[in-house]
Each structure stands twice: as structure tokens, then as C-alpha cells.
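J.: I would like the entire structure built from these sequences, with the hints used as guidance.
Chains as they are written, first to last, in the numbering used here: chain D, 1 to 292; chain C, 1001 to 1204.
Treat the hints loosely; a few may be bogus.
Covered stretches of chain C, going by a simulated chain D footprint (3 or more residues, C-beta under 8 Å) [as the list claims (entries may be wrong)]: (1) 1033-1044; (2) 1087-1098; (3) 1130-1138; (4) 1141-1150; (5) 1160-1167; (6) 1181-1192.
Simulated from the structure, these hints should not be mistaken for laboratory data.
By construction, the Cβ of each residue, glycine as well, lies at the ideal position given by its N, Cα and C atoms.
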Amino acid sequence: MTMQSSLDIQARSATTTPSPSMRSTAEVAKLIDESKCIGCKACQVACMEWNDLGGDIGSNVGVYDNPADLNASTWTLMRFAEVETPDNNLSWLIRKDGCMHCADPGCLKACPAPGAIVQYSNGIVDFKQENCIGCGNCITGCPFDIPRISKKDNKAYKCTLCSDRVSVGLEPACVKTCPTGAITFGDRVDMVQYADKRVGELKERGYAQAAVYNPQGVGGTHVMYVLRHGDQPQQYSGLPKDPQISTMVSAWKGAFKPLALLGMGLTAALGFFHYVKVGPNEVEDQSEKEEA
Amino acid sequence: MSRTIQRYTDGERRNHWIVAISFVLAALSGLAVFHPSMFWLTNFFGGGPWTRILHPYIGLVMFVFFLVTMVRFWRHNKLDANDKKWLSRWQDVISNRDEKLPEAGRYNAGQKIVFWVSAVCVLTLVVTGAMFWRAQFGDLFPIGLIRLASLLHALAATVLIMTIIVHIYAAIWVKGSIRAMIRGDVSEAWAKKHHAAWHREMTR
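T.: Shown next, in the form of C-alpha cells:
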């Protein structure tokens, strides 16, 4: 999603010099309180409506998730998990899936195209499709399996946290539409405080393991959850317990990159200076004549 | 005019240069998306998306023709005890003191190492590259494997590029080598000096 104001860019993919960052904005966050969610999918509809997206009509694969997975035109998805509880009951855990807007985004780290992924100072991680080359490294880098490459245009898409709405002081479309107040949005510090308050309330109501999901392995996220079963986030359709950028990706996009260039440069320099020192290895005229 | 010996047939040379050209194109397009400082190289390929589209196909061409090279030359590149001796005299090698080196066959130990390192790298590149060729295979491979493949692909490419820099430099350094791969022949004196055992075999 292209955003007009771009003086507040904190990080930009495949860019080694500072990006325009004269303007700085307060960090924002979206809080999804799973305990208040009724699984109505209004957020999914609002997302499609605001972003003017609609996927092809799919087929029923026997679950409530519809469509069955995130895709280039479905940036948020209600995931329904039926989980057996210790007291032999069933519990229906519903989670609104989508980009977590990591403080340390794996997609941005892995992206080779300058400016195809940016992170604003408010914390939103945004894809700029006009710079995207369609390689899919963002998928490789993401610890949450969020970005999707469109089969139609080979560009990567994901939730923008409605960066266009947020930049003009509005809340994301999903937040605005949520009928139960399960999704809230605001200053990140306030949202963390509110999340802690909600966790306290849930604990009072008997959810001893209730917790805020704001994983530190990716530096914290700008989309956070309040989970009743915070000790087992995996129960919520595979929300990772301790997500972090894979060491493979960090090695590949971290130390290895400059070292590899150095290695290539040194090899070439070594050759050049060897030539300067010992010169060419020639067959002397003498032996040529003897042969003749 | 001194007598010459044919070192490479027309077909061998054609094949070598197809590998060489596709290597240069694959390396440039790969480097373009490897480090931001080289993204400008995408301009040679028609921009970022075109670089992403073309790179795997260029790599495939390189792989196929490299296989032909392998089949043709692997027999001449078997390492033996003589090669160990040659390598232990590396100081004489880099100081142009060829007379102190053990006789080499069609290829010396250095060339054999270039051959096998390149072979391992090219095979690694084609296997790992296929794993994250999303335009063809999408999400066919598990994410953990894709991540490992991405790292190994970069690693193998780096080793291959460094190896080919050595290969190209050796050709510039040892006069007469480039002619061998362009015109196909070498002087007998050249053969005697650099590949004495091969020379004997060829003139027997």
C-alpha cells in the first residue's frame, strides 16, 4: 500500500543509508482480545471492503475458516480451532490472523528490493508493491507465514494495518467494524496497559494462564493479542510460542552478505597483485625455437 | 612456426563458452538481489522483476551445459598422489618456477580442484535454487528447507564466484591458456612446460 507521507520511515528494505525520517510519529498498536471475539468475520469483510479486495469464490473444505488460508486479497482471516480442554470439554478458539507488524520484521530483513518493504516510525510495516520484484523472500523471512504472492501480478501482499487510514488519524477498518470491541487500536503504550488490565480481569474470572501476546523474539509486535490460554499460543491455529527470525535468514541476510562481497573482492585483488609481483607465466622463446 | 597440439575440440569450446556466458549472467543477476549495493545490476536485465524472472532460467542453462562439461572432463580430473605433491609445492606454483613442479597430466591439481569445487557448487545451486523458485514451485517445499536453501544458495554462489575469479585469473596469468579455449590449440612448448605427461601422451 502506498502511503503519501514518507518522512517517517524507520527502516527500508535493501537500503544501506538512512531513509527520510525527519518526521516521527507515536508508535501505534492494534490489540485483539480473543476472549471477546465471537468469530463473526466482520473484520474480514471490513478489510475487503476498505481495501476494495475480493478473492475468487472458493470451495468449502469443511472448516469455518473462509477462505481456507490467507491470500493476496485476504489480508486478515478468522481461524477457528477446536481444542480439547483438560476437563474433557471442547473449546472453540478463534483468532484473527494477519500481519503482526513486528518491531524487527523478518520480511523486511529478507527483501532484496530497495523500498519494497518499509517500516514507519509508528511501527507499521508496509509493502510497496511498485518496488516489489516478486521473489518471495518476504515469505521466507516471516516468522508468522503472512505474506502471499499474487498469482495475478507476482507482487507480495499483506495487512497494511490500514496505513492509509492511520496516517489521517483513523483507526484500521477491522477495528472500526468490530461489534464486540474485541479489536482496539491506539497508542502502543496505552494498548499494552489496556492489555495488561484485560489479562488481570481474565485471571479473576478463572483464566489463570491468560496473557498478552507481544513476542519479544521479534522485538515485540504492533498487533498484539490477549489470549485466555496465553501459555499455549500454538492452540490458536498454530500461533508460534516464541517466534523469531530464523537463524538461517539472519545468517544469510546478516553477516554473510558483507563477508561474501569481501571474499570476492579480496580474491580479485589477490590475483591482481600476484600479477603485479610475479608477472605472467610465459613459455620462453628459447623453448619455442627448440621445438620448431 | 612451432608445432601445435589440439587441446579443445570445437564442441568443447562452444560448450565451455555457453557455460561461461551463462555463469556471468547468472552471477550478475544473482549479485543484484544479493546485496543492496549491487541492485543497480538489475538494469542489465530489464529491472528487478525481470532479473527475478530470468535468473533461474539462466542458471538452468548453465547447469545443463556444465553437466556436459562434467561428463566430458571428469575422467581427466581424478586427483592422484602426484597432485598432492604438486599442491605441496604451491610456493613454486605461484612463483612461476614450473621446472620444480612434478609433471602434470591433462590438468594440474589446481585445475582439478577448480573443476570439482565448481561441480559441487553448481549442483548445490540448482538444487537449492529450485526450492525457492516460487514462480515454478510456489510453496511446494517446507519453509525450513526454503530458508536453508536460501542460505546455501548464497554460500555456494559465493564459493563459485571466488573459484571462477581464480579460474579466470589463472588463464590471464598462464599465457597460452586463453588461446587454448578460444582457438583450441596450444604450442608443443606450452604443453611440455605445463602438462608434460599429457604432452608425452599426445605426441607418442
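J.: Each hint should be assessed against the structure and marked as holding or not.
T.: Here is how each hint holds up against the structure:
1. 1033-1044: With 7 residues in contact (Cβ-Cβ under 8 Å with chain D), the coverage given for the stretch 1033-1044 of chain C holds.
2. 1087-1098: holds (count 4)
3. 1130-1138: Answer holds; 3 residues pass the 8 Å Cβ test.
4. 1141-1150: holds (count 6)
5. 1160-1167: holds (count 4)
6. 1181-1192: holds (count 5)
Comparing the model with each numbered hint stated earlier shows that all of them hold.
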